[in-house]
Every structure is written in C-alpha cells, then in structure tokens.
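Colleague: We have chain A; now place chain B onto it with these hints.
So the chains spell out like this:
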Amino acid sequence: MLNSYTSNTLQYDPELCNNCGMCAIVCPHEVFEPGERTAQLAKSQACMECGACQRNCPTSAITVDSGVGCAAAMIRAALTGKKEVTCGPTTGPSCCGGDGKAGSCCG
Amino acid sequence: MVHTDVHRARFSVRKASSTITLANRWDHFLARWGIKRNQHLVEPGLYALGNPTKDSPIFVTANYTLSFDALRSALRGIDGYILVLDTKGINVWCAAGKGTFGTDELVNRIELTGLHNIVSHRMLILPQLGATGVAAHEVKRRSGLIVEYGPVRAMDLPEYLKTRRATPEMRRVRFNLVDRLVLIPVELVHVLLPMAIAAVVLFFFAGLLASVAAVAAILAGVLLFPILLPWLPTSDFSVKGFILGGLVAFPFAVRMLLGSADAIWWSRAVWALIFLLAMPPVTAYLALNFTGSTPFTSKSGVRREMFAYVPVMALTFGIGIVLAIVVILIQGMGGS
Chain A
45 MLNSYTSNTL QYDPELCNNC GMCAIVCPHE VFEPGERTAQ LAKSQACMEC GACQRNCPTS
105 AITVDSGVGC AAAMIRAALT GKKEVTCGPT TGPSCCGGDG KAGSCCG
Chain B
-9 MVHTDVHRAR FSVRKASSTI TLANRWDHFL ARWGIKRNQH LVEPGLYALG NPTKDSPIFV
51 TANYTLSFDA LRSALRGIDG YILVLDTKGI NVWCAAGKGT FGTDELVNRI ELTGLHNIVS
111 HRMLILPQLG ATGVAAHEVK RRSGLIVEYG PVRAMDLPEY LKTRRATPEM RRVRFNLVDR
171 LVLIPVELVH VLLPMAIAAV VLFFFAGLLA SVAAVAAILA GVLLFPILLP WLPTSDFSVK
231 GFILGGLVAF PFAVRMLLGS ADAIWWSRAV WALIFLLAMP PVTAYLALNF TGSTPFTSKS
291 GVRREMFAYV PVMALTFGIG IVLAIVVILI QGMGGS
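So the sequence lines, in the order shown, correspond to chains A and B.
With the working numbering applied, the first sequence covers 45 to 151.
With the working numbering applied, the second sequence covers -9 to 326.
Everything labelled a hint here was simulated from the structure, so no lab data went into it.
Since the model is a prediction, treat every value here as computed from it, not as a measurement.
Where hints are given, some of them may not hold.
Only part of the chain B face toward chain A is listed, based on derived beta-carbon distances under 7 Å [claimed, not checked]:
id, residue
1, GLU33
2, ALA125
3, ARG132
4, GLY134
5, GLU138
6, TYR139
7, ARG143
8, SER225
9, VAL229
10, ASN279
11, SER288
No residue lacks a Cβ here, since even glycine has one placed at the ideal position from N, Cα and C.
The following block holds chain A by itself, in its conformation from the complex (with noise of 0.2 Å):
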C-alpha cells in the first residue's frame, strides 16, 4: 500500500549471461550482484529504471524500459495527448532539454 514502487520492467534472463560482471558495477542500486557462473538479480525492487545495466550488457540478457521518472513530463503528455518525451535514450526532446528550459529533473 501507498508504494507504487514495488515492480519494475526490470527483466533478467540468467541463461544469457556470460557473467561479464558489467551490469554489478553499473547499477547504483546494487540489484546486480556477481556470482559464481551468472550475475544475480539481487535486488529487483531497487531498480529505478535507468538502463545503465541493459546498455553495458553484451549478451542482452537484460531488459528495461528506461527512462527517468520525470513526473512533469509524463502529466503534460497525458493532458495534452501528446506522446511522453522522456530522458530516454531514444527520444528527441526531453524534459533534460536540449534546449536547457527544462523541468527540475535535471538539477
């Protein structure tokens, strides 16, 4: 209850992994860990989307839909209709602006 942050799109398949240990030291969450002939999924929960294991994962054994939770942006996408710009990595504009007149999300 009052935590809509228990799933996640974080998916890992253990039969890819090659054991490289990228995607331990990526994560800023620790939900990676090293392990003995694959990498665990330690901490699902911790995850917050960010994509950083999925890009520096050789053998694609791990999938996210990232993107930051940039809550301005998605609320103005849902008001006006318009599909949601994200700081995905894919995605033109962003609410991180190129054009700098961004939301908070950058800081």
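Modeller: For chain B alone, kept in the frame of chain A given last:
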C-alpha cells in the same frame, strides 16, 4: 603548412588546473539557481591536468561546468587527461539518460582529439553514472579503447586510483541532505512566478491569510519537501506531499476558525475547509514532480503514482477553489 596547422588545431590539448577560482564558484552559484542555464559550458575536447605522460589516466566527463569542475578539483595533485564530451552543457547523469553522453559522442571525441596518439595505453575512466548512455563493449569494438567505470562521485577518484576498484559504497548513489539542498534553488526559481501571481490574486480576492496560505503550500512543496523527504511516511511522493501539505494547512485552518471574530461562523468554517482541501494537493503535486530530481524513482513507479494521485489532487484542489469562489461571491453580494 595549412595542413599541419589544421592537424595541430584538431589534436590540440588544452590545459586545465585543479583550482576552483572565485569566478568558478560564481558560475556554480548561478548554475544552481538556474540562471543562464545554457551558458555553463566547457569547450569539448582534451585537457591536460598537471603534467601528464603517455601512461597517465584519462578521465571522461560532460561539458557542464559543475561536472568538469567537480572532476578537476577532485584530481588535485594527479597528472592525467580529461576528455570532455559535448553534452550541450548537461550533467553526466542527465546527458547519459538522453544519450548525448553516449557511445557515439565518446567514439567520435576519441577520434577528434587523436587520443590514440597521445597515450600509449587503452583505458578510459568514465563516471559510473555515464553508463546509462555508454555501452562499454561497443566503445571497445569501435575505438579499441576499454571503458572502465569509476566511482559515482568524482571525490572518490583518488581512492579509486590506488586500486582501480570501486568499493560498494563508491558504486551506490546517495541522496543525502546536502544532495537535496543544492536542488532547492532551481526548484524555487521554477515556482517563483506562479507563486507571485497566486499570492497577488488571492490577496485581492480572498485576503492576506489566503495569500500567505498559497505561498506556504508552494514553499512546502519545493523547500520543505526536499529537506524532509526521507522522514515523511510512506514511499509514494504524492502521499508524502499530501501529508506535508496537510500539516502546513492545519494551522491556517485553525487560524481561520478561531480568527476574526467579526466574520460569520459558517464562512469561517468553510474557509478552514477550503485551506484543508486546496493546500495539500498543491504541495503533493510539487512533491510528485520532485521524483524527477531523485536518483531512485523508476519511470513505471512514477507513472503509477500519477494515475493514482493526480485525479485526487485535481479533485480536492478543484472543490477547494470552487468553494472559495462561491463564498467570495455570496459575501460579495451580502456586502453590497
């Protein structure tokens, strides 16, 4: 002749120092307040810090002055190269999320600076939070250079360089009081104009107390909320915001109930209710927006929050405003 000049210009290495000057600090101050937002830029390219040799480490960063200055000041007494990527003046974490601190720009910048001719090793040290935009295995395939992810914070680099291993503590993002405090100025700047308008409009139509209440609800969201974040109950930012907004609204409601004895009792009661209805959603909305500034809320979680609480915010705020208008109109007619 022209050729060599072009060649030299392309492969030029600029000098950098670890000293943070008064001018740098002024620039940081302006950046923190969101002033001249696009102008906190560092020229992309290669910089020499101290007296680097062919074996010196290479550190990669963004061309935002706060990022570049955090790095060079952390490397005091260390000889090395700093490779500044063109991230359009955005910090490493946000630029990586956007992809400008990314594989393409890194590979491109390695070529443009002729990095291969300058050092004899193949290691690049990147900030860990740049990993969202950079695929280490692709950089290796395309440039031959090996990406090594250093610690999250530049200040941990001297320790990291001793072993070339980051401790779990260095790998973890944190969001302590200081990290949250530095975000407040820019949050304040963003609400300044709407807050001033709300305060003026309310002052003329509803009086001083309502005007102060609006300012209090907004400041609770952008000033108190970031400070109190870890101590407010529940996980959802919206709920935390509703609770904080409720606490702030309470004294206003009490003041209204007990306050001006000359006002009619039902009008005082309705105004107290208006404060309790309209103030918390304002704080809650600003609190929900703060998710974008934190390094731990996920996109799917924020989306769930939005669908769960934004309608509640709109409803309570809407009822509060409608009630206020009705009361003002009734009293206006009574007075005339």
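Colleague: Against this structure, judge whether each hint is valid.
Modeller: So, going through the hints one by one against the coordinates:
no.: 1; hint: GLU33; verdict: violated, 17 Å
no.: 2; hint: ALA125; verdict: holds, 5 Å
no.: 3; hint: ARG132; verdict: violated, 13 Å
no.: 4; hint: GLY134; verdict: violated, 16 Å
no.: 5; hint: GLU138; verdict: violated, 9 Å
no.: 6; hint: TYR139; verdict: holds, 5 Å
no.: 7; hint: ARG143; verdict: violated, 11 Å
no.: 8; hint: SER225; verdict: holds, 4 Å
no.: 9; hint: VAL229; verdict: holds, 5 Å
no.: 10; hint: ASN279; verdict: holds, 5 Å
no.: 11; hint: SER288; verdict: holds, 4 Å
In summary, the numbered hints that this structure violates are 1, 3, 4, 5 and 7.
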